[in-house]
Amino acid sequence: MNGGVRRDTAVDRIRAVFADAGCTGWLHARRCADPRAAMLSVRGDERVVLASVYKLPLFLAFCAEVDAGRLDASGQLRIVPSDCTPGPTGIASFRDPVTMSRRDVAASMMTVSDNAAADVLLGEIGTTAVEELLTRLGLTRTRIVGGTADVYQRLVEETDTRTTVEAFRALTDIDAAWTVSAYDPAYTSATTPEEMTRLLEAVWSGSALSPESTAFAQQVMRAQIWPHRIASGFPHRGVAIAGKTGTIGIIRNEVAVVEFPGEYPIAVAVFTRAARADPVLPVVDAAIGEAARIAVTELRAPLPDDPAGPSSAESA
Amino acid sequence: MDLIRHLRFFVTVAEEGHFGRAAAALDMTQPPLSQGLRKLEQHLGSELVHRTRQGAVLTPAGAELLPRARLLVDDADRFLAEAGRVARARGLLHWGATRALPDRLVTLCVTALSRRGEATVSTRSASTVELVDAVRSGMCDLAVVERPALTEGLDAGPVVKLRRWLVVPADHRSARSDRPRLPMLSDLTFAAPPRAGNPASFDAVQDLLRERGLDVDTTPAVDDRAVLAAVAAGTHFGVSTSPPGAVPGVAWLDWAPSALALRVRIVRRADADVGVHVDALDRVLFKERVR
Chain S
1 MNGGVRRDTA
11 VDRIRAVFAD
21 AGCTGWLHAR
31 RCADPRAAML
41 SVRGDERVVL
51 ASVYKLPLFL
61 AFCAEVDAGR
71 LDASGQLRIV
81 PSDCTPGPTG
91 IASFRDPVTM
101 SRRDVAASMM
111 TVSDNAAADV
121 LLGEIGTTAV
131 EELLTRLGLT
141 RTRIVGGTAD
151 VYQRLVEETD
161 TRTTVEAFRA
171 LTDIDAAWTV
181 SAYDPAYTSA
191 TTPEEMTRLL
201 EAVWSGSALS
211 PESTAFAQQV
221 MRAQIWPHRI
231 ASGFPHRGVA
241 IAGKTGTIGI
251 IRNEVAVVEF
261 PGEYPIAVAV
271 FTRAARADPV
281 LPVVDAAIGE
291 AARIAVTELR
301 APLPDDPAGP
311 SSAESA
Chain Y
1 MDLIRHLRFF
11 VTVAEEGHFG
21 RAAAALDMTQ
31 PPLSQGLRKL
41 EQHLGSELVH
51 RTRQGAVLTP
61 AGAELLPRAR
71 LLVDDADRFL
81 AEAGRVARAR
91 GLLHWGATRA
101 LPDRLVTLCV
111 TALSRRGEAT
121 VSTRSASTVE
131 LVDAVRSGMC
141 DLAVVERPAL
151 TEGLDAGPVV
161 KLRRWLVVPA
171 DHRSARSDRP
181 RLPMLSDLTF
191 AAPPRAGNPA
201 SFDAVQDLLR
211 ERGLDVDTTP
221 AVDDRAVLAA
231 VAAGTHFGVS
241 TSPPGAVPGV
251 AWLDWAPSAL
261 ALRVRIVRRA
271 DADVGVHVDA
281 LDRVLFKERV
291 R
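Order-wise, the sequence lines are chains S and Y.
Numbering (my numbering) for the first sequence: 1 to 316.
Numbering (my numbering) for the second sequence: 1 to 291.
Rather than coming from a laboratory, the hints here were simulated on the basis of the structure.
Cβ coordinates follow ideal geometry from the N, Cα and C atoms, glycine included.
Among the hints, erroneous ones may be present.
To be verified - Incomplete in silico selection of chain Y near chain S, CB under 8 angstroms: (1) ASP133; (2) PRO148; (3) ALA149; (4) ASP155; (5) PRO158; (6) GLN206.
Bound conformation, chain S alone (with noise of 0.2 angstroms):
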């Protein structure tokens, strides 16, 4: 290399952040609906473990199955929460049985990351109706291979415990270094980071589901409501954060649409794992939020001035 002063580029610092944090991290960002198509990738093609991430596919999959006509989005739905799997949110931490529509399972899914609802969900369409999502997309390097239920059952098998709870307790244990399929995107529900912008940026042009089903998907997922991710790299007025989060053990994701006024949506996904098995690591979470904000900062651009744009003298 040259000497002299050098300016670290985006990527360089990114990689500096997850370094600092302990974790090992992959970030793939994209500016959403711009011809020019801006991207930035630190590891973005490698492929990731999911982990809770994998309700976005699963809700878009149910958005397209709404509409094909196969579900009636305002439906009843009786759910025993006894029944699924147990959670900290939503349903899933609900102690008696409910009654509720299917846009409200699917959104009480995304926004509190509701294990309960995605049983439920995953259960009405089936991974079929996943698979044929991803595939009609092009996204060929992410597989579903079941819901939260599954890894949890697995997880039980492979710690030599009996319930999640335990199985759970065995993960953080600091002194036991557990290599489980939870954590190996060859046994798991899996990604790659430039494959969830590419999702996200299907959503978000439109290309993806009907007009209807794109507002509605866009409506839920800025009501997440999960700040330490993604979101604490963007304290802003005006700013909407549309994201899910996925979490197990020492692996923490979010995948994200940041959308500052005026301006082209920019889609981000970073994926960590973690070098301490703690099951609190506010750093980590802190970090993603500041590789997600380096990456994004260097994306950003004006939208166009649309001369028939609301402005104009005859919108008044």
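Given chain S, put chain Y in place with the hints provided.
Below, chain Y alone, put in the same frame as chain S:
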């Protein structure tokens, strides 16, 4: 897959009839043994052992395959001894030791490595991040590094716990207390290894101290000597794997031995032919571990 290693798991479980006893006989913990055996079963495409509440019982397939597995394992020991002699003829062995290891353990490791014959052992003392890089690039053949650490792409052995103490100024009130509590150290600064040397283990120690009620400033101290010097100055405390000794101005506190223990692992490249050396280091670490 390391077939011989996994066959050894199978043979030992079959002989002991029990996962816990087999793990003890192999000088390892139960989870990697159990996982290893499952991997072997997947690799072979048949179940070898029934896991029951009473212990481990051979399946018909397991009973049929056991004699041949035993032959292979026994022969492998002879083969490894031979391979060790050949490898030693190549000369220099490069290994790395995290700076967190005590001197005595480093020399024990060197002795164990060089006992394998004419090989000259070259030791690199560095931070965990530097050592992982060195093993990845081939500058080191193997290394003992801290856990937690990012070891992606390398083979990492089981986690071993080593004794670690709090070191405080000899005239500090915590040194005179019968039951020293961590918040007593709040008037001192923590002389800690530089965070960049391994952010994950730095954060883990800091989180432990904060969890137990001590939240203080840190100053970097690159190794034990720097830690002890800062402590002797009366202004700092530190953590050290050096056992209590005659160091003027420094006192050792026996505090939370299990939580504070240093966790280490042996790392190597998956394709590196260093099995005998890993085994030698494994034995040393295992003898020195805290239970």
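Hints versus structure:
1. ASP133: This interface hint is violated because 11 angstroms lies over the 8 angstroms limit.
2. PRO148: 4 angstroms, holds
3. ALA149: 5 angstroms, holds
4. ASP155: For Y/ASP155, the interface hint is violated, since the closest Cβ of chain S sits about 11 angstroms away, which is over 8 angstroms.
5. PRO158: Holds. Min distance 7 angstroms.
6. GLN206: 10 angstroms, violated
This entry does not satisfy hints 1, 4, 6, going by the numbered hints stated previously.
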